[in-house]
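Asks: Line order of the protein sequences matches chains A and B.
Residue 743 in the numbering used here sits at position 249 of the first sequence, and the numbers go up by one each step.
Residue 1018 in the numbering used here sits at position 524 of the second sequence, and the numbers go up by one each step.
Among the hints, erroneous ones may be present.
Since the list can't tell identical chains apart, any single copy or any two copies may satisfy a pair.
To be verified - Result set (BS3-like, lysine-lysine): computed pairs, CA atoms no more than 25 Å apart in a straight line:
no., residue 1, residue 2
1, Lys1003, Lys972
2, Lys1164, Lys917
3, Lys566, Lys588
4, Lys566, Lys506
5, Lys1003, Lys644
6, Lys773, Lys958
Hint data in this document are derived by calculation from the structure and do not stem from the laboratory.
Protein chains: 2
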Amino acid sequence: MDKAAVREILDKVRAEGREALTAPEGKLVCDAYGIPTPREGLATTADEAAALAEEIGGPVACKIVSPEILHKTEAGGVVVGVQGAQAVREAFGKIVENAKAYHGSPTITGVQVQEMLGGGQEVIVGATTDPTFGKVVAFGLGGVLVEVLKDVTFRLAPVDAAEARSMLDGIEAAEVLHGVRGGPGVDLDALAAVLQKVSTLVTDFPEIREFDLNPVFATADGASAADVRILVETEEVTEPVRPSREEILRVMDRLMNPRSVAVIGASDTEGKIGNSVMKNLINGGYAGAIHPINPKAREILGRTAYPSIGEVPGPVDVAVFAVPAKFVPAALVECGEKGVPAAVLIPSGFAETGNQELQDEIVEIGHRYGIRMLGPNIYGYYYTPKNLCATFCTPYDVRGGVALTSQSGGIGMAILGFSRTTKMGVSAIVGLGNKSDVDEDDLLTFFEQDDNTECVAMHLEDLKDGRAFVTAARRITKKKPVVVLKAGRTAMGARAAGSHTGALAGNDKVYDDILRQSGVVRAPGLNEMLEYARSLPLMPTPQGENVVIITGAGGSGVLLSDACVDNGLSLMDIPPDLDEAFRRFIPPFGAAGNPIDITGGEPPSTYEATIRLGLEDPRISALVLGYWHTIVTPPMVFAELTVRVVEEFRAKGIDKPVVASLAGDTEVEKASEYLFDHRVIAYPYTTERPVAVLGAKYQWARAAGLL
Amino acid sequence: MDKAAVREILDKVRAEGREALTAPEGKLVCDAYGIPTPREGLATTADEAAALAEEIGGPVACKIVSPEILHKTEAGGVVVGVQGAQAVREAFGKIVENAKAYHGSPTITGVQVQEMLGGGQEVIVGATTDPTFGKVVAFGLGGVLVEVLKDVTFRLAPVDAAEARSMLDGIEAAEVLHGVRGGPGVDLDALAAVLQKVSTLVTDFPEIREFDLNPVFATADGASAADVRILVETEEVTEPVRPSREEILRVMDRLMNPRSVAVIGASDTEGKIGNSVMKNLINGGYAGAIHPINPKAREILGRTAYPSIGEVPGPVDVAVFAVPAKFVPAALVECGEKGVPAAVLIPSGFAETGNQELQDEIVEIGHRYGIRMLGPNIYGYYYTPKNLCATFCTPYDVRGGVALTSQSGGIGMAILGFSRTTKMGVSAIVGLGNKSDVDEDDLLTFFEQDDNTECVAMHLEDLKDGRAFVTAARRITKKKPVVVLKAGRTAMGARAAGSHTGALAGNDKVYDDILRQSGVVRAPGLNEMLEYARSLPLMPTPQGENVVIITGAGGSGVLLSDACVDNGLSLMDIPPDLDEAFRRFIPPFGAAGNPIDITGGEPPSTYEATIRLGLEDPRISALVLGYWHTIVTPPMVFAELTVRVVEEFRAKGIDKPVVASLAGDTEVEKASEYLFDHRVIAYPYTTERPVAVLGAKYQWARAAGLL
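For reference, chain A alone in the conformation it holds in the complex (with noise of 0.2 Å):
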């Protein structure tokens, strides 16, 4: 890679306040950086037209080069499939005509004279700044697919060899490129290096704004990009200003372990916010120092009140504040110099209501003084490892290993009140409110080497810094899951872009791919977040891809099926001597194979044996019961002998995932909690529901390089 040649360029296109390359400064950047683009050259008279022609061999494409022209076909500065000399040097003469028509007395810096390609597919690769992520690159087929379709895939860059080959099996279309109707596949490896290069240079060069090569041409023997398109950056580019992970974990450990809290606005009058969060903090347990601060108390719930934070004695981790906006800036102002690491910033009153100015002066104070800030406009957040409840709403106490975030007040509240009725097992709840400062990337960063958080859901409106995000989620997914519930994908609307590729990820399709990209699960919404937070954690991580379907039911077999398809999910091809084996268990006109249909008038014996081979056996990874409620087996013996025998091969060492779907009367319900207690993810009334979780966790666990 030829850094010195692009950079040459860039600098002499901005001095000469240019937005856009010319085609060939274009092809010298391509040339820098082992693009492959198809022979050309500059011509300035007809004569050398033809003669690069000559050179060239077969037909050619001319086209006009002058940097007033930015779109060459409008202009009529294009001629393609030009061959002969004579007819070079007529197009020649045409294009440079057109030109002076189309401009008036345009800059023509010649002709540019370029082997015509063709014959392959053709594909468009891109990168692009995206607002949250920066630079990220695109690919798509070219065509219909990409503009009608919007079938194109993102990934930050830069990407590795993996990631860029990825992206070709990323689009819908992808089987275009494998050869269609029995002609050749294209040469993938030369097309994900060109992804590869691009996503190098865009890395490199971040002042280029926009890149498009399109079309590209793929064959069979390689990839080559018929026609560039660059566009600079002519402000300043500047980089978020991204603190350390060991900077990070040292406030957010003081946040989450602190060793003393500080009520900013405490007050003993029921009702009052600073009352709530005095309450909460000493019923829910915190065994911290809690100090009320407010001029006008002198204790407040049994505990001493000061005036001011600057007047506690000895050093305070936590500031809560429950004062209204106006009096937050002063307040802050105290923490900084009493040196609070921490402030939770519960009061609303700041960007949320348009009150940018006072959001931009608490964020100012903060970086002054080195105060982390949860908030402003949030219930606040929960710890329950240290019973830390620093809300106005009520304690939560089932402890357990799901970590769950909220960028909006109101989800916050469904979260808190799911978890209750399910009696998720939860280790915080935390509120992310306008995210003046502490935001998604900070809670990862303490969430992966927390022991006792075992899985993390987020729900997010947007990201304000998409790249930190995904460096903290690519470490944390490693090791545990990350759900991300992501609202607005609907609504994101187009973006005014200079380019092609620019234009295509102004939409919900940017979050999704690098979501992916970055190891985390994506919840289709609200629901699905919190149950896949409440089970991902109870259920063993899978050793391998085969999934079987064991049911009662016929009819709940079809429908496991279809979820099972739907999730992603692969259903076990069954061997012959596996399929033997399952057969000697079942009736003669059960089916085996999979699902195997045990046939919906058997008794507990039948279902026991079945179970137990299927976790016994070492080929399957996963099993997935469909129950039928009969009287023959009940809905609490058939819980009850799931249990025992899922808990026997627990006790061996032996742990699969096992998620179970009952149909049946009323007592199906207490089943499916039984179940649910005992680790078996277990719902009533849905085939779809314990497929979808079971889909989950194999997200998380391919994304995690697991399987």
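Since chain A is already given, all that's left is putting chain B on it; use the hints.
Replies: Leaving out everything else, chain B in the frame of chain A:
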């Protein structure tokens, strides 16, 4: 339409024992139905070919015509873009030579010389014979879109002009037909006319098994089929026997409203099916006569028992079978002799266990005596308006407007459990099992005219007679919503097919398109089927497309908007006067527009005023409410005020669909129930489900032509 011409060609083809028409024969068929094709002629010598080409003008395509050669390209029998007399002569010679080399001694009818089409959009128009639905017509774009992305749409043939037009918008890439990259759109009327003509043709001639126009070139001025492929059925084509609507209703009425029921195999022994059925009939409160049939008893559960049904005094409307499979045929003959119109066959041990013979035997008996049969292999059926519980499950007593049916017993049990736990108002629950006789279209025909039923939900794995289903569904869905859970949508696999259209039809898309065409709402899963069934009859029919979201939580608003887009709902574009009206009620930093974000800290009066305005303004058709649990407006306060306002408007004759998503602590569960009880569809902890239910209502209303 020249039917006689087509008849003559088809008769000739079948007389010759051929399965495929030659290209010239295909062209004549197209001509007879006014399907445009390129100018062309048949040449038997090289000179004739040259003369034809001269007459057509421009470049031509030359194609071998030989009954033995079906794959012309493969045989080297096609040369395209031939221009000039000499070139045409050479092409003729080469084609004949290739054909001989390919086949040995083919019958060479000649060489087809055809006008070259191009420049337009390549599309595929076809028809095939679906095993479930019979003649279906297909439409898709040519090339990768249809081959790789399977972007194709189907309708039951024949289609009217409106249905044909709807097909053009029924593909993902529909935008292409309207013109892309500034190009002109195609002549949609011309293309729709081709579709309609093809559908008429295959309807008029059922022996046409498969029909491909591939490609059709669609341009701004018309549409012309460049290649025609027609395959005929070599065996006799028979239509299934379909009882008339009156015949169906006569027996279905006896089945659902019987004056007397006999239980064959009634028993005094606890745990036996014949005992459960007797108890459920009696305890369920059925007021007609109940006759136990048992040769060994004189009385069962206080009712006189008879040794055989023949000895029951007076007529019997329904015979419920609770005897082992092997005893069914003899007892069924006795029912026939007695003149019983309807038999309910609970026993299993028929086709589902591989005993097809036994099933064929009972079907024959049924036909012989004119007995309509439900089952075999079912749990029985409920019809609550008659307190009729002819099943071995327990009685169900919450009467209401929902009729549910299931093909599978397991799913039937899930229906029962879900109904009970949600207190769903039910008119009927019917098991269909093996569907040896009575099937979905019989039930739809009954439910259509049953005043006790307002909504039908059906679980099905296949349809015995898809065309009869569509006919019945089209009638009833004009009046009442029908929800269908079609299982097995991912497992149909490909079928061997002789045409492109035939191959494409081998997937779930045929079911999906034709179910939609018939006006039913397809539920994506079991839980959705149950939730739609529960909610649809409780909601009024919307009067327009304008949906408005009113939310206390901005976060819920975003998720509710996502859900609206996902479910095909139109978020109203709020006009300035209405925007101003809403703004009067909400804080200055709240957001009008849509969602209307009243913000989180608002008192009940703000919810009330905005809901009131939403109901009042005639431009708004439906409301989606997003509630956020706060101390200022607790859950039950929100629920009660919403019900009060909605009921006030209902009393004034204004009844709009109102659905709600409640985000909050566990109290929102009770509030949701209260809302549901008052016909405001409300769910806690989910933003998706209330909107999905509203979406289902809209989908039905649109299909019924009510919007």
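Asks: Next, verify each hint and record whether it holds.
Replies: Hint-by-hint comparison with the structure:
{"no.": "1", "hint": "Lys1003 / Lys972", "verdict": "within (23 Å within a copy, 38 Å between copies)"}
{"no.": "2", "hint": "Lys1164 / Lys917", "verdict": "both (14 Å within a copy, 17 Å between copies)"}
{"no.": "3", "hint": "Lys566 / Lys588", "verdict": "within (13 Å within a copy, 44 Å between copies)"}
{"no.": "4", "hint": "Lys566 / Lys506", "verdict": "within (22 Å within a copy, 59 Å between copies)"}
{"no.": "5", "hint": "Lys1003 / Lys644", "verdict": "both (9 Å within a copy, 21 Å between copies)"}
{"no.": "6", "hint": "Lys773 / Lys958", "verdict": "neither (33 Å within a copy, 66 Å between copies)"}
Going through the hint list in order, the structure does not satisfy hint 6, though it satisfies all others.
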